[in-house]
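*Asks:* The residues making up each chain are set out below.
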Amino acid sequence: MSPQQEELEKLSRAWLARDQSSAHEQHPDAEELYEAASGNLERARRLEIVDHVAKCAECTQAWQIALDVGARGSQIAVTRRPWHFALAASVILAVGLVTYFVIPVDQGTPQYREGVDPLAPVSAIGSTLPRDRFVLRWSAGPPGTTYMVRLSTADLAPLLDQSDIVATELVIPGSMLANVKAGDQLFWQVEARLPDGRRAASHTYVVRVQ
Amino acid sequence: MQESFIRLMRAGKLQGASDVPASYLKKVAYSAVIDEIRRRRRQPAAVSGSEVDIEATPDERPPPNPDTALGNAMEKCMQRLQDDRRQALTLHLLGYAGAEVARMLECNAKRAENLTLRSLAQLRECLLALGLSP
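Keeping their order, the protein sequence lines are chains S and P. Counting from 1, one number per residue, gives the positions in the first sequence under my numbering. Counting from 1001, one number per residue, gives the positions in the second sequence under my numbering.
The following block holds chain S by itself, in its conformation from the complex:
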């Protein structure tokens, strides 16, 4: 990755992590945000919304979710940032459930998103972990692979974003889960940085805190 790309990654991540304020004027409604992200609104309104997003962390995240679920559509092609997994996860779940209700699906056949790298890590844990032994585990990549793990609450609040992990497991300290209630769901994803420099991100997994 070039220094410019690294800088952009850092800036984009920081920009998305900024504090959310409730002091904003009326937020644009969700449908308008989606249309603006698609480039479909008329220019003046689209730029009004861009201006609002520039000073509203909440709508920045909402815009990012729109991109992650495909608002870019056929008109606008946007570089996807893999660390937006937590934001996308809820919408992916929503779309999945809506599809479940609308379109009959063979119950025995797992449904996967397309385009996952075959070298992407795969979860090696169950659906529930005890709070005092909360260890995320995943399948190993080729020798020399390092990993980045992201963990967030179901409300999309980031809990952890740790990179340069050499092992294929990560112990999450109890203190980090202090505000997570028993039974709450967390989203997690692991991204492998392969020896040849490529990155391969896993699916977003859901794990419940016991």
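Hints are computed from structural coordinates only; laboratory data are not their basis. Yeah, the Cβ is synthetic: ideal placement off N, Cα and C, and Gly gets one too. The reader is advised that the hints may include incorrect statements.
Below 20 Å or equal to it, Euclidean Cα-Cα: the simulated SDA-like pairs (lysine to any residue) are [stated by the list, open to error]:
hint: 1; chain 1: S; residue 1: LYS181; chain 2: P; residue 2: GLN1043
hint: 2; chain 1: S; residue 1: LYS10; chain 2: P; residue 2: LEU1117
hint: 3; chain 1: S; residue 1: LYS55; chain 2: P; residue 2: THR1068
hint: 4; chain 1: P; residue 1: LYS1076; chain 2: S; residue 2: GLU48
hint: 5; chain 1: S; residue 1: LYS10; chain 2: P; residue 2: LEU1127
hint: 6; chain 1: S; residue 1: LYS55; chain 2: P; residue 2: ARG1080
hint: 7; chain 1: S; residue 1: LYS10; chain 2: P; residue 2: PRO1134
hint: 8; chain 1: S; residue 1: LYS10; chain 2: P; residue 2: ALA1069
hint: 9; chain 1: S; residue 1: LYS55; chain 2: P; residue 2: LEU1120
hint: 10; chain 1: P; residue 1: LYS1076; chain 2: S; residue 2: GLU9
hint: 11; chain 1: S; residue 1: LYS55; chain 2: P; residue 2: LEU1130
hint: 12; chain 1: S; residue 1: LYS55; chain 2: P; residue 2: ALA1069
hint: 13; chain 1: P; residue 1: LYS1076; chain 2: S; residue 2: ARG13
hint: 14; chain 1: S; residue 1: LYS10; chain 2: P; residue 2: GLU1075
hint: 15; chain 1: P; residue 1: LYS1076; chain 2: S; residue 2: GLN61
hint: 16; chain 1: S; residue 1: LYS55; chain 2: P; residue 2: GLN1122
hint: 17; chain 1: P; residue 1: LYS1110; chain 2: S; residue 2: ARG43
hint: 18; chain 1: S; residue 1: LYS55; chain 2: P; residue 2: ALA1073
hint: 19; chain 1: S; residue 1: LYS55; chain 2: P; residue 2: ASP1083
hint: 20; chain 1: S; residue 1: LYS10; chain 2: P; residue 2: ASN1072
hint: 21; chain 1: S; residue 1: LYS55; chain 2: P; residue 2: ASN1072
hint: 22; chain 1: P; residue 1: LYS1027; chain 2: P; residue 2: GLN1043
hint: 23; chain 1: P; residue 1: LYS1076; chain 2: S; residue 2: HIS52
hint: 24; chain 1: S; residue 1: LYS10; chain 2: P; residue 2: GLU1125
hint: 25; chain 1: S; residue 1: LYS10; chain 2: P; residue 2: GLU1106
hint: 26; chain 1: S; residue 1: LYS55; chain 2: S; residue 2: GLN20
hint: 27; chain 1: S; residue 1: LYS10; chain 2: P; residue 2: ALA1073
hint: 28; chain 1: S; residue 1: LYS181; chain 2: P; residue 2: ARG1041
hint: 29; chain 1: S; residue 1: LYS10; chain 2: P; residue 2: ASP1067
hint: 30; chain 1: S; residue 1: LYS55; chain 2: P; residue 2: ILE1037
hint: 31; chain 1: S; residue 1: LYS55; chain 2: P; residue 2: ASP1084
Residues from chain S that keep clear of chain P, each with C-beta distances beyond 10 Å, as calculated [said to hold, decoys possible]:
hint: 32; residue: VAL53
hint: 33; residue: PRO130
hint: 34; residue: ARG133
hint: 35; residue: VAL166
hint: 36; residue: LEU170
hint: 37; residue: VAL171
hint: 38; residue: VAL207
Here the structure of chain S is known, so what remains is to put chain P in place on it, guided by the hints.
*Replies:* Coordinates of chain P only, in the frame set by chain S:
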């Protein structure tokens, strides 16, 4: 999620799965999820006094995210930019490439690139003045 389903029913689009375009489903699901996230964020945390351990709470808080301080400073710096530069930089930070920024701003690619580069330079200067480096 249930709200998405209800919205679809209300929209009268559930007579057959083939009648419902995927793009429509996406937008409806997206709107429902964003509305729900916003609704939850507006709800005050309901914690009774007896459940709060004042002595223990500060030690158990997760460490502050270093990205947040940088992000907050970026927001302030971006508000000082000219409108068109701020808009270009906002789109750039959202992941739009040069041609897409141009399309969103309805200007030519060269101008979009100039706006983005100049706004980035101004952002760096502003952050440095605040003692932060990107």
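*Asks:* A separate judgement is required for each hint: does it hold in the structure or not?
*Replies:* Now the hints, each set against the structure:
1. S:LYS181 / P:GLN1043: Judged against 20 Å, a Cα distance of about 17 Å means the pair holds.
2. S:LYS10 / P:LEU1117: 16 Å, holds
3. S:LYS55 / P:THR1068: Holds, at roughly 14 Å.
4. P:LYS1076 / S:GLU48: 18 Å, holds
5. S:LYS10 / P:LEU1127: 13 Å, holds
6. S:LYS55 / P:ARG1080: 11 Å, holds
7. S:LYS10 / P:PRO1134: 7 Å, holds
8. S:LYS10 / P:ALA1069: 12 Å, holds
9. S:LYS55 / P:LEU1120: 16 Å, holds
10. P:LYS1076 / S:GLU9: 19 Å, holds
11. S:LYS55 / P:LEU1130: 18 Å, holds
12. S:LYS55 / P:ALA1069: 15 Å, holds
13. P:LYS1076 / S:ARG13: 16 Å, holds
14. S:LYS10 / P:GLU1075: 14 Å, holds
15. P:LYS1076 / S:GLN61: 18 Å, holds
16. S:LYS55 / P:GLN1122: 17 Å, holds
17. P:LYS1110 / S:ARG43: Between LYS1110 of chain P and ARG43 of chain S the Cα gap is close to 19 Å, so the pair holds against 20 Å.
18. S:LYS55 / P:ALA1073: Status holds; Cα separation ~11 Å.
19. S:LYS55 / P:ASP1083: With a Cα-Cα distance of about 12 Å, the restraint between LYS55 of chain S and ASP1083 of chain P holds, given a limit of 20 Å.
20. S:LYS10 / P:ASN1072: Measuring from Cα to Cα gives roughly 13 Å; hence the hint holds.
21. S:LYS55 / P:ASN1072: Cα-Cα ~10 Å, so holds.
22. P:LYS1027 / P:GLN1043: 24 Å, violated
23. P:LYS1076 / S:HIS52: 13 Å, holds
24. S:LYS10 / P:GLU1125: 16 Å, holds
25. S:LYS10 / P:GLU1106: Violated - the C-alpha atoms of GLU1106 of chain P and LYS10 of chain S are around 27 Å apart, more than 20 Å.
26. S:LYS55 / S:GLN20: 10 Å, holds
27. S:LYS10 / P:ALA1073: Holds, at roughly 13 Å.
28. S:LYS181 / P:ARG1041: Cα-Cα ~17 Å, so holds.
29. S:LYS10 / P:ASP1067: 8 Å, holds
30. S:LYS55 / P:ILE1037: Between LYS55 of chain S and ILE1037 of chain P the Cα gap is close to 18 Å, so the pair holds against 20 Å.
31. S:LYS55 / P:ASP1084: 15 Å, holds
32. VAL53: 6 Å, violated
33. PRO130: 18 Å, holds
34. ARG133: 18 Å, holds
35. VAL166: 22 Å, holds
36. LEU170: 15 Å, holds
37. VAL171: For VAL171 of chain S, whose nearest Cβ neighbour in chain P is about 15 Å away, the distance exceeds 10 Å, so it holds.
38. VAL207: The claim holds: VAL207 of chain S sits with its nearest Cβ about 17 Å from chain P, beyond 10 Å.
When the structure is compared with the earlier hints, violations turn up for hints 22, 25 and 32 and for no others.
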